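All chains, full assembly: derive it from the sequences and hints.
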Amino acid sequence: MEGGSARSPKPDAGVSGPEVPGPEVANPGATLVAPEPAVARQRWRLVLARPPEAHGRSGRDLTEAWEAALGSSGLPSFRPAGRGRPRVAFAAPLAADIAAEHEFADIVLTAFEPAWRVREAMESRLPEGWRLVDLYDVWLGAPALAGQVVAADYRIDIGDPDPRAIEVAAAGLLAADRLPRERLKGGSATRYDLRPLLADVRVAAAGPPVLVRVRTRFHPELGTGRPAEVVAALGDLVGTPLVIGTVVRERLILADELG
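Residue numbers for the sequence shown follow this note's numbering, so the first one is 1 and each next one is one higher.
Take the hints with a grain of salt, since some may be wrong.
[Stated by the list, open to error] Computed Cβ-Cβ distance ranges for the label pairs, DEER-style: (1) Asp193 - Leu140: 36 to 42 Å; (2) Gly159 - Ala199: 21 to 27 Å; (3) Ala142 - Leu184: 33 to 39 Å; (4) Ala199 - Val243: 21 to 27 Å; (5) Val138 - Gly172: 27 to 33 Å.
If you're looking for bench data, these hints aren't it; they were derived computationally from the structure. Remember, predicted model here, so these are calculated numbers, not experimental data. A virtual CB, placed ideally from N, CA and C, is assigned to each residue, including glycine.
See the structure below:
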């Protein structure tokens, strides 16, 4: 109609607009399959050295620093079920004030990697003060590293006592049937016998300073001989307390080394 308002044409009932896709509906019959967990395929043994721990880290703090280093190395590290970080298994605890020249630690990977790749990845991520001396692969099914340690060699600086008197005292310790000592445990003194935990003690250098080399045993029931306890026993035989300057754990001895 002329002069009237224009009317919009009615849509054709037979013509539909563009289809808008709706949300996809999951197949109700489909079964969700969880990804397979990564499998441990390779085990590397790291040989490590360090000076006395500058930050006083030991125990759990030191382990966490190593696990963070391994996790950021880019290596395909195996993570045990329920753990957010890969595990670094040390052979034996090491006090923060003791230097080390030949420590062991095991890491496990989910893929086979050549030695140069593992060395390159780890050397750039070692915790402060640590040095990678060597590394080699070991059988994945071998016993846990900590259970293979049977002894440790220490080099101890004891200042400037008479080296001959120390030699006589060392011979006395080795000739003894028992070496009764006391050790603080849980805030109280516990008596024990040091002799089964002492494999060897001798003067390594007459000095000064006098250097004593000590081998202590690791025993699953009796525990571990401590270098400071051996020095204290030497002092008892000499008749004067001996002052320890530095202690270096030269190496750990594994069961297969003793045949």
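Falls inside 33 to 39 Å, the C-beta gap from Ala142 to Leu184?
-> This hint holds: roughly 35 Å between Cβ atoms.
Could you say whether the range 27 to 33 Å given as a hint is met by the Cβ separation of Val138 and Gly172?
-> 40 Å, violated
Whether the CB-CB distance between Gly159 and Ala199 falls inside 21 to 27 Å = 24 Å, holds
Look at the Cβ atoms of Asp193 and Leu140 and judge whether their distance stays inside 36 to 42 Å.
-> 38 Å, holds
Val243 and Ala199 - C-beta distance against the hinted 21 to 27 Å | With Cβ atoms ~24 Å apart, the hint holds.
Checked against the numbered hints listed earlier, the structure breaks hint 5 alone; every other hint is satisfied.
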